[in-house]
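A.B. asks: Protein chains in written order, with my numbering: chain R, 422 to 926; chain X, 422 to 926.
A few of these clues could be false.
Because identical chains cannot be distinguished in the list, a pair is counted as satisfied if it fits within a single copy or across any two copies.
What the hints assert, rightly or not - Pairs of lysine-lysine, DSS-like flavour, derived with a Cα cap of 30 angstroms:
| no. | residue 1 | residue 2 |
| --- | --- | --- |
| 1 | Lys511 | Lys479 |
| 2 | Lys575 | Lys812 |
| 3 | Lys746 | Lys703 |
| 4 | Lys879 | Lys546 |
I should point out that these hints are in silico values taken from the structure, not numbers from a laboratory.
Protein chains: 2
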Amino acid sequence: MNNDVKAKWEAFTELVRKITAYNEAISLMHWDLRTGAPRKGVELRSGVIGTLSAEQFKLRVSDEMGEYIDYFTRPEVDGQLDDTARRIVKECKKDYDENKRIPAKKIEEFSVLSAHTQTIWEEAKANNDFASFEPNLVKIVDLLKEFIGYWGVKGTTYDTLLDKYEPELTVAKLDEVFGRLRERLVPLVAAIQASPNKPDTTFLDQIFEQEQQEKMGLFILGQMGYDFDAGRLDESVHPFAIGLNSGDVRITTHYLQDDVTSALFSSLHEGGHALYEQNISKDLAGTPLATGTSMGIHESQSRLWENIIGRSRAFWERYYPDLQKHFPQQLQDVSLDDFYRAVNRVENSLIRIESDELTYNLHIIIRYEIEKMIFNEGLEVKDLPKVWNEKYRQYLGITPPNDSLGVLQDVHWSGGDFGYFASYSLGNMYAAQIMNTMKKELPELDQYIREGNLIPIKEWLTEKIYRFGKSRTPAEIIMQVTGEELNPDYLADYLEEKYKEIYKL
Amino acid sequence: MNNDVKAKWEAFTELVRKITAYNEAISLMHWDLRTGAPRKGVELRSGVIGTLSAEQFKLRVSDEMGEYIDYFTRPEVDGQLDDTARRIVKECKKDYDENKRIPAKKIEEFSVLSAHTQTIWEEAKANNDFASFEPNLVKIVDLLKEFIGYWGVKGTTYDTLLDKYEPELTVAKLDEVFGRLRERLVPLVAAIQASPNKPDTTFLDQIFEQEQQEKMGLFILGQMGYDFDAGRLDESVHPFAIGLNSGDVRITTHYLQDDVTSALFSSLHEGGHALYEQNISKDLAGTPLATGTSMGIHESQSRLWENIIGRSRAFWERYYPDLQKHFPQQLQDVSLDDFYRAVNRVENSLIRIESDELTYNLHIIIRYEIEKMIFNEGLEVKDLPKVWNEKYRQYLGITPPNDSLGVLQDVHWSGGDFGYFASYSLGNMYAAQIMNTMKKELPELDQYIREGNLIPIKEWLTEKIYRFGKSRTPAEIIMQVTGEELNPDYLADYLEEKYKEIYKL
């Protein structure tokens, strides 16, 4: 950089740091609201979050920002930037371009509408009353279509929504991978259903004291390499992970006395998210690159730890004796094999968030196909229950008895989060593909897990993925790590191999 | 208000609400840093606090703010404002006037210098090395004198500093009240020292389990009327209370296993601060008036609850059996009278924060007199140890053996907080004066306390003080509640009566 560019860069960096400072403050307020803020302060707090978000938004679409972007994208200036600097500019430009075009009153309208619709959805779900939810959902979809116009259509209309959660992902690509996945998983699920070799899960139906669950959860997080000097574990209604900065990545869990697996696997899941954020290179601090590169890659890390490692036989060979020590009464007579099979049982169920590692993907594919129909094929909101139920019958062989157990089950659409669901299955596919490479590069991986030596896994993932934060796109990450594009066969192979053994197919 | 004024007022209110929103976010970040933020995130977090503080500062001294103040102080507009509105404008104007004049680089310089000097002070205190602290303290004093020039001298130079913590308080008034207080307390302290009837405190020197201390603290807070739906109790190294908004006022405590009185009285103390903030009228939310009116009035509430109520015989008549139930082994053979006398023992000690309810005031008077000498009478920093030791000998009859136990004991000066100390004794004086009125207006007060019926006390204080927040000045509050100006005789009377009985003088 010459001196002019350098001076300008420093000033730009100040603006960017300011914008990320708001993120940290706002994230802390959200964390606090969900972990123990007193209820009488919530209303005023929500106003504070709104005010600071609006202040930050002004900076993101400010003329000052516009001028910096204009300057740093001039060819003679761009040529002087290194790769990281160029990506910072690109991130800011994307955000600026997309949001600058939307009239402030539209953003306000959307924010009011989505908050209101979430309340309506809660009631509709409780009352099994899709009709009361429908008019607002129509408004949300219409407003989103309008926003897509402002954002600029990428490929198909629905591509624009996908890109918000998984940059550069397209319907063309997802049709291909989800099509292939569905093709391989539907018969596998059917075969499992027909198998007479079902795991016995009755022993899970006992009381497991919370104090012991806590101890076990903290132990496992420590084993994964979660850094408690750069994070903390709290309780909340729904578990989550949140990165305030790379030295402060918090997770929460929720203990159920009658389900020992819930908090255990959610700790592995949120721990996976947290490892990612804790190990982003410090060089990226204060930039928009100091976060996970996409929802899908983030989810690949939670699911790699929760499912591929956390529900593996090797893992429980090492840790099941510990679990038994924490719950001798409940588990002393349960064999490792029985435990392993029980935590991997497959059941065709109606509710996504209660589903297993295998059928989960079919729940997602259904949502993806429906969202695509809404935005690309003119499916009307009023027809959602019919389409939903038909697809459940077709892919999972079960039909929801009512909309509360069907199309009304998820919060996402009421908040306008169309395009988000795909990330969950992308995470599973990325995770299996990454794991396939890891096994080749760490030939003793199984042995490490069997010995409880999980740190080399964290280190390999840090080296290959975590440290880059958002300075690589998801497609670049997956290519760089595995040498090929996203390929759903790795997930299908992994699931087939695992479940053929468990269900003796 | 006519329509023009009304429209302008609404826009002004938005700006004011924005400024207070930053306060809430920044306060939450401070609370978090002191209650459990992971250590590796502290450095980046401090940067975030700095960034948001700077953003807020810009709004406080913005041209927009200047224009509003100009507009709302025009006689024809001012005449249309109600009292609360006028006070909001006055608060903003004071802040604007004082800070607008100081060059940004001076504020930066002060903030860097004071942060640095606090570190130096810590080392100086640890090493008993006043000389290493002296040069920085000289710089702090010089810079403060420069600031006083910008702020505008009110009466005497030191008045300007007093006004920052206790609006409109003057040296003339403090000389009078502290002079009178010293005159009455010094002989009382001497008489106590000479008394052969010393309380036995040996039974306090036992182990009191933390879990039981927690239970007792929560119980007492509930009895005071602290609203746990509008607050929470956490642990921190130094106890504090912090109001995020009136529905979210948090307190912290610190448990010492070998000192049951520490957490107990600190809960009463911080609980008193919190009751004030929890009961400010909701109408003031989002304005600069939604806080305590001054450090002194705030401290009057913490000390009224901690000392005048919390160390009274009536209080322990009701609650000592509870305390005994929590600690049967430690306290079953200790009588109420012995306990009451022990928690009220007077000892001429060197350290302010360890001192008792009575001699505490002499520690403060010493600091006040020295600060006044520095700013009004040209006392040089290098002479502080000598003056300090001389005053301790004169008022308390003891001489610090070294500066760590003398002039270096408090953090305040290293951070530039000259003018602050007076608030502590003001709090004691206000509290005694307020209590004198409360006893007249609630003739059965003693009986209420003896029965553990503390809610009428909270309600009386809410009606008379809490609800007004900062919409009354400290002088107005004390006049409105007690019908007279600050009068130190109430504190002296209270202390004389109490300690003559305890020490059988």
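A.B. asks: Now look at each hint and say whether the structure bears it out.
C.D. replies: Tested hints:
Within a single copy, Lys511 and Lys479 get their C-alpha atoms as close as 18 angstroms, and across copies as close as 29 angstroms, so both meet the 30 angstroms cut-off. When the C-alpha separation of Lys575 and Lys812 is checked against a cutoff of 30 angstroms, the pair qualifies only within one copy, where the shortest distance is 27 angstroms, while the shortest distance between copies is 78 angstroms. With identical chains, the CA atoms of Lys746 and Lys703 are never at most 30 angstroms apart, being 39 angstroms at best within one copy and 53 angstroms at best between copies. Taking CA atoms no more than 30 angstroms apart as the test, Lys879 paired with Lys546 passes in neither setting, with 40 angstroms inside one copy and 43 angstroms between copies.
Consistency with the previously given hints fails for numbers 3 and 4, ordered from lowest to highest.
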